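K.L.:
Spelled out from the first residue to the last, the chains are:
2 protein chains.
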Amino acid sequence: MGRYQSFDVMDCRDQVAERVAALRKLFATHKIDGYLVPRGDEFRGEYVPEHAERLAYITGFTGSWGLSLILKDSADLYIDSRYKIQAPEQTDTDIFDVICVPEISLDTRLAEKIGQNHRIGFDPMLFSRKEIARFEKTGAIFVPVSENLIDLSHGEALPEIRSEILIHPIEIAGASFTEKKKQIIDILQKKNCDALFIVLPENICWLLNLRGNDVPHTPFILSRAIVTIEGKFYWYVGKERVTPALKEHLGPDVICRDSDDIFADIKMFHNQKILYDPIDTAFAIEKALQDNGVKLISDDDPILLLKAIKNNAEQAATRKAHIRDAVAMIKFAHWFSTQQQDFTEIDAVKQLEDFRSEAPELKDISFDTISGSGANGAIVHYRVSHKSDKIIAESDLFLCDSGGQYLDGTTDITRVFIRGKATAEQKTRYTQVLKGHLAVARALFPIGTTGAVLDVLARAPLWQAGIDFGHGTGHGVGLYLSVHEGPQGISSRSKVKLEPGMLLSNEPGYYKAGEFGIRIENVELIVHKGIPEDGEKNMLGFETLTLVPYERKLIDKSLLSREEIHQIDTYHQRISDSVIPLLDAERASFLKDQCAPL
Amino acid sequence: MGRYQSFDVMDCRDQVAERVAALRKLFATHKIDGYLVPRGDEFRGEYVPEHAERLAYITGFTGSWGLSLILKDSADLYIDSRYKIQAPEQTDTDIFDVICVPEISLDTRLAEKIGQNHRIGFDPMLFSRKEIARFEKTGAIFVPVSENLIDLSHGEALPEIRSEILIHPIEIAGASFTEKKKQIIDILQKKNCDALFIVLPENICWLLNLRGNDVPHTPFILSRAIVTIEGKFYWYVGKERVTPALKEHLGPDVICRDSDDIFADIKMFHNQKILYDPIDTAFAIEKALQDNGVKLISDDDPILLLKAIKNNAEQAATRKAHIRDAVAMIKFAHWFSTQQQDFTEIDAVKQLEDFRSEAPELKDISFDTISGSGANGAIVHYRVSHKSDKIIAESDLFLCDSGGQYLDGTTDITRVFIRGKATAEQKTRYTQVLKGHLAVARALFPIGTTGAVLDVLARAPLWQAGIDFGHGTGHGVGLYLSVHEGPQGISSRSKVKLEPGMLLSNEPGYYKAGEFGIRIENVELIVHKGIPEDGEKNMLGFETLTLVPYERKLIDKSLLSREEIHQIDTYHQRISDSVIPLLDAERASFLKDQCAPL
Chain A
1 MGRYQSFDVM DCRDQVAERV AALRKLFATH KIDGYLVPRG DEFRGEYVPE HAERLAYITG
61 FTGSWGLSLI LKDSADLYID SRYKIQAPEQ TDTDIFDVIC VPEISLDTRL AEKIGQNHRI
121 GFDPMLFSRK EIARFEKTGA IFVPVSENLI DLSHGEALPE IRSEILIHPI EIAGASFTEK
181 KKQIIDILQK KNCDALFIVL PENICWLLNL RGNDVPHTPF ILSRAIVTIE GKFYWYVGKE
241 RVTPALKEHL GPDVICRDSD DIFADIKMFH NQKILYDPID TAFAIEKALQ DNGVKLISDD
301 DPILLLKAIK NNAEQAATRK AHIRDAVAMI KFAHWFSTQQ QDFTEIDAVK QLEDFRSEAP
361 ELKDISFDTI SGSGANGAIV HYRVSHKSDK IIAESDLFLC DSGGQYLDGT TDITRVFIRG
421 KATAEQKTRY TQVLKGHLAV ARALFPIGTT GAVLDVLARA PLWQAGIDFG HGTGHGVGLY
481 LSVHEGPQGI SSRSKVKLEP GMLLSNEPGY YKAGEFGIRI ENVELIVHKG IPEDGEKNML
541 GFETLTLVPY ERKLIDKSLL SREEIHQIDT YHQRISDSVI PLLDAERASF LKDQCAPL
Chain B
1 MGRYQSFDVM DCRDQVAERV AALRKLFATH KIDGYLVPRG DEFRGEYVPE HAERLAYITG
61 FTGSWGLSLI LKDSADLYID SRYKIQAPEQ TDTDIFDVIC VPEISLDTRL AEKIGQNHRI
121 GFDPMLFSRK EIARFEKTGA IFVPVSENLI DLSHGEALPE IRSEILIHPI EIAGASFTEK
181 KKQIIDILQK KNCDALFIVL PENICWLLNL RGNDVPHTPF ILSRAIVTIE GKFYWYVGKE
241 RVTPALKEHL GPDVICRDSD DIFADIKMFH NQKILYDPID TAFAIEKALQ DNGVKLISDD
301 DPILLLKAIK NNAEQAATRK AHIRDAVAMI KFAHWFSTQQ QDFTEIDAVK QLEDFRSEAP
361 ELKDISFDTI SGSGANGAIV HYRVSHKSDK IIAESDLFLC DSGGQYLDGT TDITRVFIRG
421 KATAEQKTRY TQVLKGHLAV ARALFPIGTT GAVLDVLARA PLWQAGIDFG HGTGHGVGLY
481 LSVHEGPQGI SSRSKVKLEP GMLLSNEPGY YKAGEFGIRI ENVELIVHKG IPEDGEKNML
541 GFETLTLVPY ERKLIDKSLL SREEIHQIDT YHQRISDSVI PLLDAERASF LKDQCAPL
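Just so you know, the protein sequences line up as chains A and B, in that order. For the first sequence, position 16 (counting from the first letter as 1) is numbered 16 according to my numbering, and the numbering increases by one without interruption. For the second sequence, position 174 (counting from the first letter as 1) is numbered 174 according to my numbering, and the numbering increases by one without interruption.
Keep in mind that a hint or two might mislead.
It does not matter which identical chain is meant; a pair holds if it fits inside one copy or across any two.
Below, computed lysine-lysine pairings styled on DSS-like, alpha-carbon distance capped at 25 Å [said to hold, decoys possible]:
id: 1; residue 1: K512; residue 2: K427
id: 2; residue 1: K137; residue 2: K191
id: 3; residue 1: K137; residue 2: K273
id: 4; residue 1: K427; residue 2: K537
id: 5; residue 1: K84; residue 2: K287
id: 6; residue 1: K287; residue 2: K182
id: 7; residue 1: K247; residue 2: K190
id: 8; residue 1: K295; residue 2: K182
id: 9; residue 1: K191; residue 2: K287
id: 10; residue 1: K137; residue 2: K190
id: 11; residue 1: K191; residue 2: K592
id: 12; residue 1: K130; residue 2: K113
id: 13; residue 1: K267; residue 2: K390
id: 14; residue 1: K84; residue 2: K537
id: 15; residue 1: K495; residue 2: K421
id: 16; residue 1: K512; residue 2: K537
id: 17; residue 1: K512; residue 2: K529
id: 18; residue 1: K180; residue 2: K497
If you are wondering where the hints come from, they were derived from the structure by calculation, not from laboratory data. Computed from a predicted structure; not experimentally measured.
Using the sequences and the hints, build the whole thing.
P.N.:
Here's what the structure looks like:
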């Protein structure tokens, strides 16, 4: 069986000095005093293809967010608090000062490091104009350098590898490209715009009902597009990638182009109004649009919201994916609780991947499994490697955050397990987190409510105990797309109105540094709940898609209200009804025990 | 005994046509096509002195918010949803179209009504530049007219009546003018400003430790001021109002000036930086500052936050005021429950005012008592008049929202009473509202939390039942100043961080139109709660200052959790301990019954 997750961590710390020196040699030719290297690629996704791992190449650091400023005599690596331990281990700290933002403000640090009138180069496909405008507050001059200097310094850069393009079945998508395009055209008409520039690959995948495999764990086709009010779809994907059969399928309105053709095509839109998202549009493209006299109307890409609201077919599909995922998770829970021999965090990841892979619909895992026992569980974004791997002790809490990419849905679930007997403290904390998780799951809320409003429901039970967690309560979830998908969320920053059909994770936690981590995560579908009995207003609420029992060994029933106990029992009964018929006798019996009333 | 509340409602509906005609006659002279009349006066408070009740004069409408646009051939009265019934009753609807905003957007309606290049007059002391800038989006020309045209059309406008200025005792204020001024100077230094322009009278009262009686129910001295970084205090109050004794008390740094002297004095600040609040600064003053080359630094008046955080002396004083107010309220509750004869809403108001007036510290009521029985209780801002007054039936819920202005504190409390036996529905709704109120009262929250975050705690129990309430959960409260005082609050709009020493009302409700209203309101003081047992973080929370029991007849205990029952019993025990010693035997016995464990 193939492996979706690798446990090797790239180690190029010893080469960092040499690589930085090679980069610096290019400064004189380009008349720059420094160079900025972001973690992202030009498609701005969470995952980037191997050839675009430029931050890792030059710094050694492999985290999912980072930025580097390399000057002639010094260099900074900016990371966030998730990577405070990892980054200094991976990079060469003789070369790079590791700066944790926002502990130290990025703006302040940049202003300190960069002198007025210094010339700092950047790749104009990897930054937006907005990002550069922020950096320009330092007083320095930011110089777009069209060739990527990391690639240039590389000598033998990895080739771009592009995957096969696959048609996403209409039975799952629920709406055709033509129907979706009609929605976009209606929006363009309302906004009095001539065209929409689509910068995010997932928005193109959704609109065309296509999937690919250009990056790990998310079935993206890395490409850009322009859709016009007349219904033409200019797709900057690489002409050679589109097979005749696919071209036939897409029809005559889709014009397949090479990636760089966009710069020539922009001329067609002279004097026309193009809707675009200034947050994610590359500096080079925004500049080309402006230079060619295009009238830019800035707004969120309307596809973000259209894609977030899953239609009936998508809802039905993702329900199936979650039942299938529940089977794998329950097999794993059974395996975990019945192992007689010692096993490690990596063993657990492999075993879980094997159980998921039993389903032919599985295409990938949806992200690298967080498999953290004991103190490793307290590292919110822990990624196990051969180096960090350890045996999961009887007394350890084991935090497992994982998901599958099935053809019909993307899953994301966190459960905490324990092999032995839990301590009173572990049970208290687990139950407090569970109370927050349950409060979100059972919440009813009026139409128009944002995720910012609901966030405190998850925290209030923890606050009463004097604890908290340092991440949002929930993120949007894609459908066989990215496991993290906006615009909705449950956090203080989530100002988007929640609408029926949206998917959200519900994942409060508690992390005791050096000891253990707890997170309980389900995926919830926002649904109409109608008017409650004797009530007056139509309310929205959640249908929990994830169908895996909570860890009974960790629940302190005395801390739960009657309502909470009833809520857990009802959920467990639903799991039992849905999943037991899909299990063999031994596992069915195991699940029945896990789902017995508290 | 004097009466603080009047039950007469001005009725000038029959004169509206004639008054509007008189106003329109002035249009030609001033070369305008229309005129804007706001409800507020130049001091922007909730209450305005009688001579400044210009909106009521011209429209007949007496609500606390409104705006009128009078054109040559038509006229609009803009109100909010509170006044949808009252406004059309009070105004002459042949003259005024009553428009409820935001049901109809004010911007849209103004744009429809006002033609491009129309000239609309306004009094530049009654609008800010920000407000006018918003109106200017209609494309019309807004013309400041220095004489107020309502006053001019009036012929015999009421004189401005100004009250005696009184010294607010230092034992209550807890900090002297000099100490407070030092805080302001520190802020000016930090912000690199030369002076602060103070536009709100309550901020001046706080800073100078003075009180007056220029408007009903709030002890304001209507005035403006400029405080400089050198410590000079230019006070635009009216020189004749400041007695020699008061002048002696204030010391040499306070320069007393007439109201209009500000326009001459502004010249002194040429090329200096003045901190000012563009939200509330009059158009005429902002223009004068700009015309005289003053450098304007716009920000919230720093006094708002300084004033909101009550010091130890203020906290001790306001606790005393609340105990005194509790005595009056409990006497009232006893009276209410023991009356054998019929009595009306007005009788109840008078009786409550009499009980409050027994305390020599009472200076006024803090607002017109909302005394609503049955269907009147469902009108959120109901104000009883001789016309609306009715007998409180045995089966009526009676909603009473009232407060006192004591020398040592401003109170605000809402309780719901019933003379007879409550229905199951009434009990259910009361208990649901109580659950929201209790959830806020017991909440612990980390430093940095805003009122916007807490708001949902009051609503969640109502949302679960499919009901809601259409107002914020809480507002800030002054100390022998305005009963509504910013910047903090508990509502979706409250983005100010909550800090120990702030006062907040906690007042969720439920309103069944045509049947009954419920609101339960206490004043809460934000306090440090320390680290909860076995917790990790220092938390903030509330100390409830209001000490009046909830209505036992309306509590359905079966809907409460053990935690909620314990919370109520603990609160009632506190009330019993604090207030019983202050009551005669009969009332003490009554209170003891009301405070018995549920």
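K.L.:
If a hint holds in the structure, say so; if it does not, say that too.
P.N.:
Each hint, compared with the structure:
In the homo-oligomer, the alpha carbons of K512 and K427 lie at most 25 Å apart inside one protomer (13 Å), although the nearest pairing across protomers, at 44 Å, exceeds that limit. In this assembly of identical chains, K137 and K191 lie within 25 Å of each other by CA distance solely across copies; the values are 20 Å between and 32 Å within a copy. Taking CA atoms no more than 25 Å apart as the test, K137 paired with K273 passes between copies only; the shortest distance there is 23 Å, against 29 Å inside one copy. Taking the closest pair of Cα atoms, K427 and K537 come within 25 Å of each other only across two copies (19 Å); inside a single copy the shortest separation is 38 Å, beyond that limit.
Neither within a single protomer nor between protomers do K84 and K287 lie at most 25 Å apart by alpha-carbon distance, with minima of 36 Å and 52 Å respectively. Taking the shortest Cα distances, K287 and K182 never come within 25 Å of each other, neither inside one copy (29 Å) nor across copies (51 Å). When the C-alpha separation of K247 and K190 is checked against a cutoff of 25 Å, the pair qualifies neither within a copy, at 30 Å, nor between copies, at 65 Å. Within a single copy, K295 and K182 get their C-alpha atoms as close as 23 Å, which meets the 25 Å cut-off; across copies the closest is 53 Å, which misses it.
Within a single copy, K191 and K287 get their C-alpha atoms as close as 22 Å, which meets the 25 Å cut-off; across copies the closest is 37 Å, which misses it. Taking the shortest Cα distances, K137 and K190 sit within 25 Å of each other only across copies (21 Å), while inside one copy they are farther apart (36 Å). In the homo-oligomer, the alpha carbons of K191 and K592 never lie at most 25 Å apart, since the shortest distance is 55 Å inside one protomer and 66 Å across protomers. In this assembly of identical chains, the alpha carbons of K130 and K113 lie at most 25 Å apart only when taken from the same copy (20 Å versus 39 Å across copies).
For the homomeric pair K267 and K390, neither the shortest alpha-carbon distance inside one copy (58 Å) nor that between copies (75 Å) is at most 25 Å. For the identical chains of this complex, K84 and K537 are inter-copy neighbours only, at 21 Å across copies versus 47 Å inside a copy, given an alpha-carbon limit of 25 Å. For the identical chains of this complex, K495 and K421 are neighbours neither inside a copy (42 Å) nor across copies (45 Å), given an alpha-carbon limit of 25 Å. Only between protomers do K512 and K537 lie at most 25 Å apart by alpha-carbon distance; the minimum there is 12 Å, versus 41 Å within a single protomer.
Taking the shortest alpha-carbon separations for K512 and K529, only the inter-copy value of 22 Å comes in at or below 25 Å, while the best intra-copy value is 37 Å. Within a single copy, K180 and K497 get their C-alpha atoms as close as 21 Å, which meets the 25 Å cut-off; across copies the closest is 43 Å, which misses it.
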